Amino acid sequence: VGKRAVAGALPAADNWRDMSGQWDTPQGPPMDGLNRLGRDPLTGLQNEHLFRAQFPEEFALARTRETNGALLAVKLDNILEINRTHGRTGGDEALRALAYVIANYRGAEGRESHVVFKVGGPILGYYIPQCTDVQARQVAEDLHRLVIDSEQYIERLTVSIGVANLYEFFLEEGTREELALRVLQAAFYRLSLAEQQGTNTICDSSAVGAETTATRPRVLLVEPEAQSMLLLVRALEAADLTVDVREDGEGAMAYIQATPPALIICEALAPRISGFTIRERLRTNALWNAIPFILVSHKKSEDLIRKAVENDIRHFFQKPISLLEVVGLVTNITRKTSR
Amino acid sequence: VSRLQAPQIIFLTAVALDLAVSIWFVARQLVRRRRETRRRRLRDAATRLVEETTAPVTGLSRADIRRVRRHLPMFLQECARMTDAVGLSDAQKQALQGFLAGLRTDVRLIRSLHSTDRLARARAAALLPLVPTRAARVALIDALERERSRSVKLFMAAALAEVGEAFAIPTMIDSLAGEPLRYQRGLWGLLSGFGEDLAALLPMLTTRREKEIQLMLIHFGAHYLSPELYRYLASRVDDPDQDISHEAFRVLCGAYPSFLNHARYLRHDDFFIRSLAAEALGNIPTTRSLSLLLEHLDDMLIRRSLVLGIMHILRAGSQHFRPVMMRFLNEQRERPRAVLSEVLAGYVDYLMEKLGSDDAQIVGQVLSEIVRQGRAQEIINFLNRNTDAGIQRRGVALLQNLMEDDPPLRQQLTRYLSPAILAAVGLEPLGAPAAPPRRAEHPNLPLLYAFLGLGAAFIPAACLVLAVVAPQLAPIVAGGGLLRRFLGNFNAVFTIYAGLLNGIYLLLLGFSIAGVHRQASQGDFLRLGFLFQENVLPSISLICPAFNEEASIVESVSSLLNLRYPDYEVIVVNDGSKDHTLERLVRYFGLERTDLFVHRYLNTQEIRGIYANRRYPELLVVDKANGGKADSLNAGINVARKEYFAGMDADSMLERDALLNLTGLFLFSDEEVVAAGGNILPVNGCTVSHGSLVSTRIPRRPLARFQTIEYIRAFMAGRVGWATIKTLLIISGAFGVFHRRRVVNAHGYMTRSEHYMKDTVGEDMELVVRLTRGLQEEHIPYSVQYAYNANCWTEIPERFSMLNRQRDRWQRGLLDIMTFHARMIMNPRYGRTGFIGFTYFLLFEVLGPWFEAEGYVTLAVSFALGSIGVPLFLLLFTATVLMGMLTSTVSMIIAEHRREYFPLRDKLLLLLYAFLENFGFRQLMSLLRVRGFLRTMARVGGWGAMERRGLGSGQKPSSK
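If you read the sequences in order, they're chains A and B. Last residue of the first sequence: 339 (this note's numbering), numbering continuous. Last residue of the second sequence: 1960 (this note's numbering), numbering continuous.
Errors might be hidden in some of the hints.
Below, computed lysine to aspartate or glutamate pairings styled on EDC-like, alpha-carbon distance capped at 20 Å [said to hold, decoys possible]:
hint, chain 1, residue 1, chain 2, residue 2
1, A, Lys299, B, Glu1228
2, A, Lys300, A, Glu310
3, A, Lys299, B, Glu1643
4, A, Lys300, B, Glu1162
5, B, Lys1093, B, Asp1117
6, A, Lys299, B, Glu1179
7, A, Lys299, A, Glu247
8, A, Lys319, B, Glu1179
9, A, Lys319, B, Asp1524
10, A, Lys319, B, Asp1657
11, A, Lys319, B, Glu1162
12, A, Lys299, B, Glu1051
13, B, Lys1093, A, Glu325
14, A, Lys319, B, Glu1051
15, A, Lys300, B, Asp1084
16, B, Lys1211, B, Glu1162
Just so you have them, the derived chain B footprint on chain A, three or more residues with Cβ under 8 Å [claimed, not checked]:
hint, region
17, 160 to 167
18, 318 to 331
Since the hints were derived computationally from the structure, they do not count as laboratory data. In this text, all values refer to a predicted model and were calculated from it rather than measured experimentally. Backbone N, C-alpha and C define an ideal beta-carbon position, used for all residues, glycine too.
Please take these sequences and the hints and turn them into a complete structure.
As structure tokens, then:
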């Protein structure tokens, strides 16, 4: 259904705004008339070239009107993973699915003036004229959630998003072309920051990004009696890692969904959702599945070991865990993955 | 103080006490907070101590060290907790040990090893591994040699195992002599942990002839593989002592499966060995194994194992089916045919599908033969489940062929096939479904009349006689007639009664406080690392009967599967639900029907099937015909494989550590624990997510709030107190743990299919009474435990009609037990349970409600006539309201000993309700019980048709 729907939603019309058939609004959007140039063959979206040619004028218009606009760079996170497992066609399909989800979002009422376009690789651009920075952030959040919830593709898709607001550049020196380029660059820079934060997230400030590039890998500890693991937490922190603690499986799942950590240390008998169930749920998603998962517990029976192996769990330590061993292992793994 | 003022003084004292206790109840939060801060600081200090490995002492400030010195026990506890989850490096261990030795901790702990208090000795043993100095190790070995109490011995042995003191092995082995299996098993695990060190002693140990040592070595053989142990095990199989030979062979089968000479063991003299060998062969699915098993088909003693073994081989590969089917069709002798038909009947699903294949002819013959062997039920069940039209068509054709000259089969089909398939077969369905059988309760009517007479008539009569014979004694305001004197007498007796009842409760509370303190300090030094070692805690089967629970069953079971306990299984018993309880479970957990063999230790309604999934090895679902909660529990006991079982309600929710807290107590009991219970608390006001509590609040409805007070009082004060004086007789059906073998020997829960051929609604209490009665008659030392912090949260009735029904059931159950076990009342032969427990129940629970109800009426009349004086009124108020308040408040204080259940606002509300309940609720409860009594008698009289309600919630706090 997904593929056909994409093709149907993007007919080979010559207007770049016609994706949902709402391009001929009476007022006419600010960028009207730029419709003769190319379209991305894969997704049917307007291509980056067309957008770039037109964007400086849009920027100048916004600056004179003093109305903010925002540019979003949206990148499909697990494209490498998908290409590896499903081949190139799988990757293309995933991209089409992403384009469909975003174009569909844009097609809703009140978003006629928004522009979706294709940048090189697995990246899409999304331009919102006349919005506040809060609204821009909201759009980014919406897109992020919509993609995760979408069932267009066999695997769960996630995106990282970089957001650049036009007003940030209103006071800067330079020609409209230079400034417009800088907006584009900012959006892409923030996209790369979002990816560095562990992908599947949104970044709308270069300053925050500058901090996060320097931050240490995050380790999630799921442990109902965190005080008993105080020693481990301190030792991990001493080894240049950030440790976040969640006391039950529910909190852990919420945490992982919001910001996937670099590594998870989980008590097998975690309250509400057990360590095994957490792992089972993480396996349904390529990105989460890749997070190294270490299980610890006082209970380590043959049955549980068998279950751990079935669930592809990296290590299963019986408590009392050896501090040296676990800290060493964790630093080794995180060093490898952060490189 | 003149005599006239006495009532006033008593009244004022009671008011003052009430106020003081209430303030203490509310203010305790502050004290607890200070304790928590201190604990956190000490924990922090412990962490810093080991972090700074180079200069340990400089890591702590002076204030820290002062604090540590002052609260050394708490500091040690925190150190123990720290090392329980995270093992230290050698340098860190040395730092910690050095610091503690500097405080002379080891010396203090060694001194405690000689204490006269068992608990102090156990605690010292549990903490000594923190400072394993030479002196400490030697002292531990010495102490283990001297120690008498086996519970303390276990702690000492565990400490020695933890520090890996190989010199202690001989002492530990010697300590096994004469101890019960429970202790021996605990030590087996600890000793196996020594591995090489224990193996080095094998040359000496293998020549020892003591049974305890042989069993220990056999267990060691399962963990430590060596040629020497293999030879030892093989030699033990021929030991004349069956315990030893069976255990040795079991270990051999598990640890050295392919080294066995199965052909030889299949001809062994002992049928147990033969049957184990047959089952073990099933794990080696080769043609040779199959032919070996087929050779022994006429060995009837091991029939069941043969069936299991062959079924196992069949499951491993379909190529084995053909030889088995051919043998079945060609076999002439009756017995082997029966065995093979049982085997093949277990694979009806597979065979029915094969009915359309090339082998159709043979398979058809096999299926027909299976039906002729009387196993049509399997095919019926399959067809009822099946959704494939082709298979149904072929199955129907098969049955039609067979039923032509087989009227009993036709009858069976009519009864059990689902209507659609029945129509396809061409049979008429039966008319209305047979009515479910009536509950068979047989109360003892004469005794009930005796109770009625005693309860309703004795005291009024006595008061009347007293009013006539000794008019001067009547406490009345001004001289009056006979009626006034009678009323006065009655009010006085009522006051004494209420005072006595509340006095008993306060006394119990005293015991409770002692019990709870002891339990709390026991819990303080039980560490998970120790509890999770093999065999330290008993294994438990959680049996969870479910009747029409489709809405919540999946969540309940998921939550039960996520308890923190070393070794347990969950057995859900679907009691013939009319909804999709079974289907929900099967779908969610991906269950499959298995061929698990069920012992018929107890007679129950028919078990239709057992479902399991290898991915959830700890879950079993039993599907059985409807028979009520007790019957379901009995079926669960038949399936259970663990040492203990826990009876549950499907709609109750266990706290994560409930089992751990409950069985943790077993470690401190020198007698065998046969039963143990935990708290039942109302879940009505709480927030629940994923089957566990998020926040605890009191219920919103007043009726439920009154019950909350009642529950807290009955459980915390009542049962902890009763357990402390070893007289506990009630364990709630919503959460109780029982020794499985003992219960089986006592004929399980009381149902009409079992030994006593009668039903009872109070099956939970009845079981405890019967269990303890039997043990006392056989003079076996036992104990019944109660954990104040093992919690089970359950829905309590919020509507009056449901409450009414619940109380009716409780009263009926109680009367049933009191009449059935009437022999125990005041009988010194039954020790405290008979003399104290039963007397209490008779006086205050059976007869009491009558008297209370009469008392309230008398009181009302006295007020109306204005015949009650101020002194009597004050005394009455003190005895009922003030003492009742005191009981409730102290109970709540006990309940919150280590943990806060409810926020401050809720606590204040509870206090208010504890006051209000004296004006209406208590009276109402007395009346409900009187009504229950009357309805019980009426039912015996034959006019109250009993409606069948399936599984009711069986929890029951001893009221008052």
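Evaluation of the provided hints:
{"no.": "1", "hint": "A/Lys299 with B/Glu1228", "result": "31 Å, violated"}
{"no.": "2", "hint": "A/Lys300 with A/Glu310", "result": "15 Å, holds"}
{"no.": "3", "hint": "A/Lys299 with B/Glu1643", "result": "18 Å, holds"}
{"no.": "4", "hint": "A/Lys300 with B/Glu1162", "result": "18 Å, holds"}
{"no.": "5", "hint": "B/Lys1093 with B/Asp1117", "result": "29 Å, violated"}
{"no.": "6", "hint": "A/Lys299 with B/Glu1179", "result": "27 Å, violated"}
{"no.": "7", "hint": "A/Lys299 with A/Glu247", "result": "18 Å, holds"}
{"no.": "8", "hint": "A/Lys319 with B/Glu1179", "result": "30 Å, violated"}
{"no.": "9", "hint": "A/Lys319 with B/Asp1524", "result": "19 Å, holds"}
{"no.": "10", "hint": "A/Lys319 with B/Asp1657", "result": "17 Å, holds"}
{"no.": "11", "hint": "A/Lys319 with B/Glu1162", "result": "13 Å, holds"}
{"no.": "12", "hint": "A/Lys299 with B/Glu1051", "result": "27 Å, violated"}
{"no.": "13", "hint": "B/Lys1093 with A/Glu325", "result": "15 Å, holds"}
{"no.": "14", "hint": "A/Lys319 with B/Glu1051", "result": "19 Å, holds"}
{"no.": "15", "hint": "A/Lys300 with B/Asp1084", "result": "15 Å, holds"}
{"no.": "16", "hint": "B/Lys1211 with B/Glu1162", "result": "26 Å, violated"}
{"no.": "17", "hint": "160 to 167", "result": "violated (count 0)"}
{"no.": "18", "hint": "318 to 331", "result": "holds (count 6)"}
In this structure, the earlier hints numbered 1, 5, 6, 8, 12, 16 and 17 are contradicted, and the remaining ones agree with it.
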